[in-house]
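**Q** Each chain is listed here by its residues.
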Amino acid sequence: MSIVETSTIEEQIELQDLDLEEAGFPLSDIPIQILFALWGGILWILNKLYSLFRWFFDKLQRIYSFFRSPGQNTRILTVRFRAAAEQLLHEMDRLSWIQLIAIIVVFGLFLIAPLASVVTGSFITESGVSLDLIIQLFSNPAYVPQWQPSNFNWIRPTGAGNVEIWGIDLGVILNSVYVAVAVTIISVILGTTFAFIIARYEFPGKGILRTLLLFPMLSTPFIGAIGIKWFLNANGFLNNWADAIFGVFGLEWTRFEFHGLMAIIIVQGFSLFSLVYLNAYSSFMSIDPSLEEQAENLGATGFRLFRSVTLPLAMPGIQAGAILTFILSIEDLGTPIVYAEDLQAQKVLAFQVYDSIVGESGSIDPLGPAIGMILLVFALSGFFAIRKYASLRSYASGSKGGQWNPRTRTLRRKTTILMYLIIIPVLLFALIPQISVVLLSVVQYRSSALFPPLTLENYGILWNQDIQNAILNTLKYAGVATFGIVLLGVSAAYIISRRNIPGRTAIDMLVTSPIALPGIVIATGYFTLFYNTPFFPMGAPAFIITMSYMVRKFPFTVRAAYAGLQQTPIALEEASLNVGASRNKTFSSIVVPLIGVSVLAGALLSFVYCVSEVSTSLLLGGANYNEAPLTYWIRDVNQGLPPIFGAGPAAALGVIMMALQMIVITLTNAVLKTRASAMTGI
Amino acid sequence: MVTITLKNLRKTFGDVIATDDVNMVLEDGKLSTLLGPSGCGKTTLLRLIAGFYVPDRGEIFFDDRNVTDLPPNKRKTGMCFQSYALWPHMTVFDNIAYGLKIKRVQGQRYTKNAIHKRVHDSLELVQMSGLGERTPHQLSGGQQQRVALARALVIEPDVLLLDEPLSNLDAKLRHEMREEILRIQSELGITTVYVTHDQIEALSISDMVAVMDEGYVQQYAPPREIYDSPQTLFVADFIGKCTFLDGEISAIGDKLSVRLPDGQIVKGISPLSGYPFEINEPVRCAVRPEDLHNNATSSEDNLISGIVKQVIFVGSNIEVHFNVGEVSATSLLPPEAKLEPNSLVKLYAPPSQMMVLPMGGVDALRKIPGHPLYASTET
Ligand SMILES: Nc1ncnc2c1ncn2[C@@H]1O[C@H](COP(=O)(O)OP(=O)(O)OP(=O)(O)O)[C@@H](O)[C@H]1O
Ligand SMILES: [Mg+2]
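First to last, the sequence lines map onto chains P and S. The numbering used here numbers the first residue of the first sequence as 1 and each following residue consecutively. The numbering used here numbers the first residue of the second sequence as 683 and each following residue consecutively.
These are calculated hints, taken from the structure and not from any lab test. Some hints here could point you the wrong way.
[Stated by the list, open to error] Chain P is nowhere near these chain S residues, computed Cβ spacing over 12 Å in every case: (1) T687; (2) V707; (3) S720; (4) D776; (5) H798; (6) M810; (7) G814; (8) Q820; (9) L864; (10) Y909; (11) N962; (12) A978; (13) V990; (14) V1009; (15) K1028; (16) R1048.
[To be verified] The list that follows gives simulated cross-link-like pairs (lysine-lysine, DSS-like), each with its CA atoms no further than 25 Å apart: (17) S:K783 x P:K585; (18) P:K585 x S:K991; (19) P:K388 x P:K48.
[Stated by the list, open to error] Here are some chain P residues pointing at chain S (derived, C-beta under 7 Å): (20) A575; (21) V579; (22) G580.
For every residue, glycine included, the Cβ atom is placed at its ideal position computed from N, Cα and C.
Input sequences plus hints: build the corresponding full structure.
**A** In structure tokens, the structure reads:
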């Protein structure tokens, strides 16, 4: 037998002789390989940029070509329009019309209109339409790129023998961009690694690790920043311990602390990586195992398998998560506020918008909208890119996906231990925001002992009248908003997924875009457009806060409901219609039971995101602090004087919020399982 | 109970023409099959009848009622989906009972007991008694298919629409289910449309067969007629086996004379009555393997000679594969015939069995006056 086989193989080789070459891998190749990899990476990025550019260009060209022969095109358009109108009339029944109109009215009034007012506001001055504001902005030395040598001085020893690590100040616009890029890189590395390990390996303690990794999900950078600022202080917990441990070995530990932009990078990186984690995890899990098995069957294993099959299939998910991280980082207001005493931390776009509104009493600095528009440009480009990748993802998941028979590999004892040695420290770092907030809330004020005395005094803040009022406000706003979100969100999801009407994609875009739109810009729009109108009477922001929650946290419910609907074949509804059930009966007895759980999960998510909403709360709450929500008061408490106010009590409030969020995440995660990416709203 | 009339139906998805120019009358109480290769538009046509699609053009009548714009829940059709479409949140029992709970007979609804009885009867019918309390994902593919069938049958619809209802069953069960469907269908006299790509199944159970290709109904006729006088080359090729010989019309008379490339003249008839053949028009002659005999029955018979390539014993007959020039041909001969590979073979085909068909499928049909497709050449 074997002789026959070898001979045939030899024959084959002989036949294909010309096509074969030595498959060796000499060591000298490695540097060349690395160069190739780098070159490949650069090409890849260029290619992405190019395709994005092409995409915009194509759109432009289509608009342009329309105007080249308007007569004919108008005729074509009229025909199309008539067909579309017919389609619309046929697909929609009365209920759908009511739903559709309600959605358009709400989003038109509370999303489009304010954004439009910000955009127009940045072109209009007292002297009429002009580019004055934009020019003014770019001639302001704080905004244009700066390259002074002193700005590059990022390690600054202090008199007390400590080291302060600062960011590099390149001017407001570049600052925001490079901070966001750095945060995105940190997030992609942390998130993808964790996601791959959890999705592909089986080891004791995996369940715990999975739960722990959900913690960062909902902790807003704002709360995390309060904790981290204390935790990584020169006299903070980490430095104290490092100092003590070094002392044992007779070594000198240099106490360090993060300031300015560097602090923002650290805080946001640790808080936002879970966005990438969840999206990457979903992607890894939804790869059909047979795709990888097929590759293995053809002989690919290990790193080659990962690089050639697994990673490309998971890429759209990772990319979508990364872009979302970028956007959330660039629009995050909470972290700069916590670090605002470092002037450098104020030099980011989000803070500047905030400052332009809060700084002026009553009136808005006209520069606010102009800066807001820059933020908006970043956010919108990011959003379109996400849409592109998220739609790509549906190809990757294709058939069944691996949720019923995941491709996991059990690790050997030795490897497991090695992995723990790496993962545990990384995980501890990743969890610093949570650990530090909890610690800060229970240690005594100003104690720098290794084991600071524990106390519950900080939680005394809960008996404060204003705080109780604020908690009530928050629950009220979030509750009402969530109710509206569920009503409209399920309608929107149903229309998007089931009604074949023209403009469906546009509606989809409209209701999911708030995930990427900076709250601070929306709030600015509310001020410029609605201030002193019935929507937003002077000193009474309750209604507009509720509406802002509703619009901004809408995508979570829509995505969850939509995911539920996508998993429910339309044939199930058709089968019901076919046996004579009406549309309404079908909706109530087939659709609702099938997607109910998803909607519930989405509603819970929307609710907790409302509770932890920062940017619009801070801006709109300022109109009347009696009607302000909890997050507004957390900032107030944090800036107040210890011991009654200050970081400790603020952390205590943060812990309450995190506890609430934790309960909800655990619930939704159990419900959404591998669709966990829905939690990030993509 | 109803006669379904389809007039000039067309349905497109973007640029894809899923089905076009469909004109058929599905008579009351008859079983019609839609037969054709994958992707030819069978499901699309079925869904048009069920009301899940609105045609781009054309009309659908149930008896005299125009139902083109009637929503699916008002059409009283029972459909068995290709993908089963069982509701995962309901048990098998509830799945089947759902339609009964909604159904009203003269404004009255079924009692609980009546529903119970009917569901159990239908479960028995599909040989699934005792599995009523399971949920769909606890069933095998074939079992799910039978539940879908039961769900469609139990409401006793006016029209039964079955989209490959037996594709997932083993041969024995398939046969039994087929008998059950036929029994119920003829007992209740339900107008039934049955989709399949199995030609044996289609020919054996149907009153009428519609052979479809690329969205067009190529022929709609009783099974015998489909086999004996295929109207297009596609039908001749898709149903049964055929040997095809290309040529040109050389004379038109009571029989058609066709000149083959080697100069030989064969005589045949065209199953397409009314088609305006022209001299020198390229055509294709088709002959069934069993119509090629090894001795002549009359002097008119066409002589076909070729080189034997392969002889296969298929039980009652031998199947001879041979080459006529470049063309490969097949014939079914009695087992006595002694033939060796690479030997010369001479076979005879009576002109009445030599079918002469024009090239081009549906386009040819458009040239026949009186045909439903006549002159509807605009697309
Ligand atoms: N919803 C749709 N969108 C776009 N194209 C479609 C859609 N449904 C069907 N088609 C296309 O229309 C054509 C006919 O499809 P149809 O489902 O009717 O085929 P079929 O004859 O039922 O095939 P099969 O035997 O494989 O079930 C195919 O080319 C298919 O790709
Ligand atoms: Mg089909």
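**Q** None of the hints should be skipped; say for each whether it holds.
**A** Hint by hint, here is what the structure shows:
With a least CB separation of 20 Å from chain P, T687 (chain S) remains clear of the 12 Å interface cut-off, as annotated. Here V707 (chain S) stays apart from chain P, with its beta-carbon at least about 23 Å from theirs, past the 12 Å limit. Here S720 (chain S) stays apart from chain P, with its beta-carbon at least about 18 Å from theirs, past the 12 Å limit. With a least CB separation of 10 Å from chain P, D776 (chain S) falls inside the 12 Å interface cut-off, contrary to its annotation.
Annotated as non-interface, H798 (chain S) keeps its C-beta farther than 12 Å from every C-beta of chain P; the closest such distance is 17 Å. For M810 (chain S), the condition that its CB be more than 12 Å from all CB atoms of chain P holds, with the nearest at approximately 18 Å. With a cut of 12 Å on Cβ distances, G814 (chain S) stays outside the contact zone with chain P, its closest approach being about 17 Å. Chain P leaves Q820 (chain S) outside its interface by the beta-carbon criterion, the shortest separation being 14 Å against a cut-off of 12 Å.
Every C-beta of chain P lies more than 12 Å from that of L864 (chain S), the closest at about 22 Å, which supports listing it as non-interface. Interface exclusion of Y909 (chain S) from chain P stands, the closest Cβ pair being 33 Å apart, more than 12 Å. The claim that N962 (chain S) lies off the interface holds: its Cβ sits roughly 43 Å from the closest Cβ of chain P, which is beyond the 12 Å cut-off. With a minimum CB-CB distance of about 51 Å to chain P, A978 (chain S) clears the 12 Å threshold, and the non-interface call stands.
No beta-carbon of chain P is positioned within 12 Å of the beta-carbon of V990 (chain S); the least distance is around 33 Å. Listed as a non-interface residue, V1009 (chain S) keeps its Cβ farther than 12 Å from every Cβ of chain P; the least gap is roughly 34 Å. Once the 12 Å rule is applied to beta carbons, K1028 (chain S) is consistent with being away from chain P; the minimum gap is 43 Å. Even its closest Cβ contact with chain P, about 27 Å, leaves R1048 (chain S) beyond 12 Å, as expected for a residue assigned away from the interface.
Distance restraint check for K783 (chain S) and K585 (chain P): the Cα-Cα separation of roughly 12 Å lies within the 25 Å cut-off, and the hinted pair is therefore satisfied. As the CA atoms of K585 (chain P) and K991 (chain S) are separated by approximately 65 Å, the hinted pair breaks the 25 Å bound. Restraint check: the Cα-Cα separation between K388 (chain P) and K48 (chain P) comes to about 12 Å, which is no more than 25 Å; the hinted pair holds. At a threshold of 7 Å, the smallest CB-CB gap from A575 (chain P) to chain S is about 4 Å, leaving the interface hint in force.
Against a cut-off of 7 Å between C-beta atoms, the interface hint on V579 (chain P) holds, since the closest Cβ of chain S lies about 3 Å away. A least Cβ separation of about 5 Å between G580 (chain P) and chain S falls short of the 7 Å threshold, and the interface hint therefore holds.
Consistency note: the structure conflicts with the earlier hints numbered 4, 18.
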